[in-house]
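**Q** Residue-level listing of the chains:
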Amino acid sequence: MIPFEYRRADDVSAAVDTVARNPTASFLGGGTNLVDHLKLGVATPEHLVDVSRLPLDDIEPGPDGGLRIGATARNSDTAADPDVRSRYPVLAEALLSGASGQLRNLATVGGNLLQRTRCAYFQDVTTPCNKREPGTGCSALEGYQRYHAILGASRHCVATHPSDMAVAMVALDATVHVQGPNGSRSLPAEELHRLPGDEPERDTVLEHGELITAVELPPLPFAANSAYRKVRDRASYAFALVSVAAALDVDDAGTVRDVRIAFGGLAHKPWRAHRAEAALRGGPATDDRAARAAEAELENAEPLAGNAFKIPMARGALTATLRRLSPLPTTR
Amino acid sequence: MTSTVAGRTTAATANGVGSSPARPDGTRKVRGEFAYSSDLWHEDMLWGATLRSPHPHARITGVDVSAAVAVPGVHAVLTHGDVPGLNRYGLEHPDQPVLADDVVRYRGEPVAVVAADHPETAQRAMKLIEVTYDELEPVTDAEDAVHGDVAELHPGGNVVRHAPIRRGEQTPQADVVVTGRYEVGMQDQAFLGPESGLAVPDGHGGVDLYVATQWLHVDQQQIVAALGLTPEQVRLTLAGVGGAFGGREDLSMQIHASLLALYTGKPVKMVYNREESFYGHVHRHPATMYYEHGATRDGRLVHVTARIYLDGGAYASSTGAVVGNAATLGVGPYDVPNVSIDCWGTYTNNPPCGAMRGFGAVQAAFGYESQMDKLADACGLSPTEIRRRNAMSEGTVMPTGQTVDSAAPVAELLDRLEGMPLPQPGSTADLRTLPGGVSNTTHGEGVVRGVGYAVGIKNICFSEGFDDYSTARVRLAAVGGQPAVTVQTAAAEVGQGLVTILQQIIRTELGVEQVTILPMDTSIGSAGSTSASRQSYMTGGAVRAAALKVRGALLSHAATRLSRTTAELHLDGGKLASVADGVLADLVDVLGEAEFDETVEWRHRPTEALDPETGRGNAHVQYGFAAHRAVVDVDTELGLVKVVSLDCVQDVGKALNPQAVVGQIQGGSAQGLGLAVMEEIQTEGGVIRNPSFTDYLIPTVLDMPPMNIDVLELADPHAPYGLRGVGEPPTISSTPAIVAAIRAATGKELLRVPVRPDHIV
Amino acid sequence: MRVNLTVNGERRRADDVWEGESLLYVLRERLGLPGSKNACEQGECGSCTVYLDDVPACACLVAAGQAEGREVRTVEGLADGDALDPVQQSFVDAGAVQCGFCTPGLVVAAHDLLRREPDPSDEEIREALAGNLCRCTGYEKILDAVHSAAGAR
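Residue numbers (the numbering used here), protein chains in the order written: chain A, 1 to 332; chain B, 1001 to 1761; chain C, 2001 to 2153.
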């Protein structure tokens, strides 16, 4: 660990100011990811601005009838919030399937969105990694690939985004509110994370010094019929091999009026499955159609030698999730 | 009243052998006051750090420590030239450098050590040491290491040991033949307490080391040789041990911390972090096994032929013994007339492998039990029936020619397992009971249930002619108006509860409630290792023998004082009594000022080396047997497995402490479950890719099913109290039973453990 | 830097703390409270679980500066003098302690569960303790201990 200076921020603009002015400064949230990375030498900031105690932890109705979740709300509090549980169960389920109780009590919404990949090479400072050290190469291309991407990767990086919560937020069309040195802005959660391209060191579109202040969920009534499913190597506390966040709206005839789907574990960002959504709208949410929708989404998948299993697994996960949300008798 | 256990008259008292009193260290452990090796602190102490090789195989061409030495707060930076004695150590062969000299043979091999006034200063200085390497091609495949044209990693070649076993006809004919190639991944002990300890220089050239280990004296021997000191100058005391499971049998930081303490003249503490721990101890040997089983049409085994390759990694550690176990136990607990087994343990540039619970037997069991299921299918028999038809029993002759001369209740274990109730098919009421648990992956659809059985066999205590002994000192005197016993041994309490059992033995033999177990250290003779399920047998046996000597001396003392004969006296719950007249006196009064102090070196009956050509020999002291039935639910759509129940029947000869016995069986079964469905150190070109508890997964409480445990007590007349070692057998049969259940549910072949979701979807 | 915090009801101060130290390090090495354990120091095992402002958290991932002004309760603060907390007593009695390295974290996590849910089911216990690894017991006797502590409260 390199020496650094620690400072606790008292207000948002001062925090943003401090970090924006100093290229070696970082925000510190709950610490569950960054403190680990400091220990591993993966992160080497010289100044840490602790934003975890900024008064941004309210969970309150949004102006348009949605729900606004402050950036420092703890993951456990967000998962337990009655509105989140009843109106957006997919988000509560995604949060509860991540990490452990002890970590969810520390982790913040903003920090969870910005957690970095669990790629073994990114974590190991002795190996080449374009995300950690641009230009050194991607060790995973010829290496251990079980947890890596099958969609949207590049020859520079095949890492996946590790957050469960973010997958649910992308499926829900959430909006991310950000404050930066030049004022505040908002962007769709789907556009927060980026594909690696030739700049895998950049996980998100945020500029240095921009701080997430809140996430806003839209008033999506059918999100009450939503779920998160996660396939992983053990029953708790393991990163997703594949996960699915879905919300489903069907009419009385069983026809899909609307649907929201995002996958985790498949790409450098939470993967919004627009093709699968389009394939499902207008017909019943049968197992067959769900599988075909998954196939439409995964048509351009480029699995690596070590992770082709993610294709049938993602198909199975989507099918199972929609079956759960669909009022139709199942046809298998 | 007195009772007869294994033919001896014993003094009945509460909390003796056969009861389950509370652990003497339990209260301190739940209060957070028990001092583990990483909790130690000394005024003015320094912190050590270890620089490790980033390459699995390389020649060192230069080391420059000047920048590290210049860091303020750094007190010493040492390399191989600073090792005053032999720069080699090892459990069976001294082949491992204390600090690498010319060549590094695995990623993580220690190259230099640093002592500084803060752990972070030591880490930073360590990173300033400049080592230049010429990288060499690593050898990473065990079969290549034996048969291939690869570099010789050690003088004499890459075979640490080849053990052949030959019995009966070598080209037998069988009606039904099944073959298979099986693999076992590299498992980690994953003890929670990291490698750690504190070395304190004595100011006269010697050192006191407080450390978590499994065998103080074998540590001492190796440290003494490396430091060029005498055993009197290197004194070890056992610090609190946070689990071991074989992973602390080899040295980790012991020599390094001692070396730094002697150079700096200050106490030095070393604590590995979890990543370093993965590099800092040996693992379970990964195995590749080729099996052929032949049987008559009605399922009676005709022959077993096997080739077993065990990857020992860069240094020998206990590979020789692991090979011996896999070879001699390679057909499992079955009576097989014709056997041809070849087992190799090899050097490669993978992480060194050595002892882990059930070593050698765990790997072989996955092979032979998978084969038994295959054979059952081929013969149209149930998995339990094929096993019963071939089950060994007392009197069976092993492939080594050794006759099994105490209970071997293999058929009974299976009968009892089958008699246990099966769990009800799951309801969908609680997701946490389904595959995927709280991940919400299934709600019951697509879930298929499977049931699997397996039996395992393990040798207990050290084998193959090893002079296996333990030393115990028992002292009885009156203290504060009460009879009190102190027990001294060097046996490592690693969590299993030996300290409780030693107290129980004293209570049973001497009828004294107040028993103090002294700190374990090298001021007394060796107790041997806390491994091979041997400490209840060996140190239990030694403490009992010393207690009997104390009792003998006490009774003669009393006989003289009371003008009676020794033969008519006995001890009973803190009293001296005679058969005819009942209680004669309080023990404390008989004792008076007298003190009875006996030290005993106790051995089990001797064993023999294996013939190097045929593998014949009475190599083992005792065999232990356990059997498991696993019930699994598999979500075939997503490849997820939920082990619904994992029931075990084990013969323990005599349960000295029933609660601890059940705890061992449950814990061992859990480690077997881990190997079955999640645990593997992923190596790539010799490099570990998952050195953390997020990436190397061990079972959580959500992964573990309820376990029904049935304990048999069929006394072994050769063993103290008739006991049979408990720790390892449950780890052996658990894995193949679970995989058999997954096969039953999915119809997949599953030739490798761990089984992952990707092997099922 | 200097860190002021309340530990087990007492105001404590740690001086000369280096910014990179964790709350766990401060407790263990600077305040003489080694009960919270260091099995992974990466938030993966739960052995360092402490109450931080009354909710369980992994002390190893809390930067020392983040502990400033906060209230910490460790395993050393659960017993009432010589009287063990019922959770502690049940762990001893049920045989839930073997090597004991996971025990301090599990005791705190189980203590928290029983405050929230006085009579938890097996499945509730499993879910609540899923962030605490134990390598010795296979967890069965830990479940027994939690049930028995629930009965004793």
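Hints listed in this document are in silico derivations from the structure and should not be mistaken for laboratory results.
It should be emphasised that the depicted structure is a prediction, and the values quoted were computed from it without experimental measurement.
Possibly wrong hints are sitting among the right ones.
As the list claims (entries may be wrong) - Incomplete in silico selection of chain B near chain C, CB under 8 Å: (1) 1033; (2) 1094; (3) 1670; (4) 1704.
Said to hold, decoys possible - To spell it out: a stretch of chain C is covered by chain B in this simulated footprint if at least three of its residues, at any positions, have a beta carbon under 8 Å from a beta carbon of chain B; those stretches are: (5) 2048-2060; (6) 2070-2081.
Ideal Cβ positions, reconstructed from N, Cα and C, are used throughout, including at glycine.
**Q** Does each hint hold? Answer for all of them.
**A** The hints, checked one at a time:
no. : hint      : in the structure
1   : 1033      : holds (7 Å)
2   : 1094      : violated (29 Å)
3   : 1670      : holds (4 Å)
4   : 1704      : holds (5 Å)
5   : 2048-2060 : violated (count 0)
6   : 2070-2081 : holds (count 5)
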